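A.B. asks: Numbered per our numbering, the sequence shown spans residues 689 to 826.
Wrong hints could be hidden among the right ones.
Unchecked claim - Only pairs whose alpha carbons sit at most 25 Å apart, straight line, appear in this in silico DSS-like list of lysine-lysine:
1. K717 - K751
2. K751 - K806
3. K788 - K769
4. K751 - K788
5. K816 - K717
6. K816 - K788
7. K816 - K806
8. K816 - K769
9. K775 - K717
10. K806 - K775
11. K806 - K717
12. K751 - K816
13. K769 - K751
These are calculated hints, taken from the structure and not from any lab test.
Note that the coordinates shown come from a computational prediction; the quantities given were computed from them, not determined experimentally.
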Amino acid sequence: MKSNCMHLAIPAGDLETARQFYCDVLGCKTGNSEAGRWVDIDFWGNELTLHQSEEQLPSVRHKVDMGAVAVPHFGAHLPEKEFQALKARIEAAGLEYLDKPYRRFEGDEYEQETFFIKDPNGNVLEMKTMVNPELMFR
Numbered sequence: 689m690k691s692n693c694m695h696l697a698i699p700a701g702d703l704e705t706a707r708q709f710y711c712d713v714l715g716c717k718t719g720n721s722e723a724g725r726w727v728d729i730d731f732w733g734n735e736l737t738l739h740q741s742e743e744q745l746p747s748v749r750h751k752v753d754m755g756a757v758a759v760p761h762f763g764a765h766l767p768e769k770e771f772q773a774l775k776a777r778i779e780a781a782g783l784e785y786l787d788k789p790y791r792r793f794e795g796d797e798y799e800q801e802t803f804f805i806k807d808p809n810g811n812v813l814e815m816k817t818m819v820n821p822e823l824m825f826r
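Given these sequences and hints, build the entire structure.
C.D. replies: Written as structure tokens, this is what we have:
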């Protein structure tokens with residue numbers, strides 16, 4: 689793992705159910721953990737810490753070009769091939785999209801495909817692939 693990765697800790701509900709979602713469905717790997725309390729997930733090179741919890745984060749919708757998106761949310765930018773493989777795993781698992789895959793900024797240099805899903809505790813994830821990822825922070 690790179691030393692400048694992002695760290696995010698979230699309430700995960702039932703830890704084993706959350707671990708299965710992130711590892712078996714999304715394809716992430718586990719890292720350090722404290723049995724029954726928390727587990728680190730290698731979330732595409734970032735440290736996502738899932739905490740056993742009773743609570744859920746609140747969610748609201750904010751308007752953007754594609755409609756009203758759930759906030760808060762987090763996710764990852766993936767290469768096209770990996771993004772399409774992730775969509776196939778989600779569909780094979782029978783999960784429903786919160787917001788179905790959508791192509792944004794078509795024909796623009798910032799063109800991207802994105803979708804939103806919820807983890808078992810209701811945390812919202814937005815996954816993306818950009819046609820020109822090198823332009824993200826130019």
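A.B. asks: Determine for every hint whether it applies to the structure shown.
C.D. replies: Here is how each hint holds up against the structure:
Annotation: proposed proximity of K717 to K751 is violated, straight-line Cα distance about 33 Å (limit 25 Å). At roughly 19 Å between alpha-carbon atoms, K751 and K806 fall within 25 Å of each other, so this suggested pair holds. This hinted pair checks out: K788 and K769 have alpha carbons roughly 18 Å apart, not beyond 25 Å. Restraint check for K751 and K788: the C-alpha separation of about 16 Å stays at or below 25 Å, so the hint holds.
Between K816 and K717 the alpha-carbon distance is near 19 Å, which keeps this suggested pair within the 25 Å criterion. The straight-line distance between the Cα atoms of K816 and K788 is roughly 12 Å, inside the 25 Å bound, and the hint therefore holds. Under the criterion of a C-alpha separation no larger than 25 Å, the hint pairing K816 with K806 is consistent with the structure, at around 15 Å. Distance restraint check for K816 and K769: the Cα-Cα separation of roughly 11 Å lies within the 25 Å cut-off, and the hinted pair is therefore satisfied.
Distance check on the hinted pair: K775 and K717 sit about 18 Å apart at the alpha-carbon level, within 25 Å; holds. Restraint check: the Cα-Cα separation between K806 and K775 comes to about 14 Å, which is no more than 25 Å; the hinted pair holds. A threshold of 25 Å between alpha carbons decides the hint, and for K806 with K717 the separation of about 18 Å falls inside it, so the pair holds. For the hint pairing K751 with K816, the CA-to-CA distance comes to about 18 Å; that is within 25 Å, so the pair holds.
Proximity of K769 to K751 is assessed by CA-CA distance (about 29 Å); at most 25 Å being required, the pair is judged violated.
Violated hints, in rising order: 1, 13; the structure is consistent with all others.
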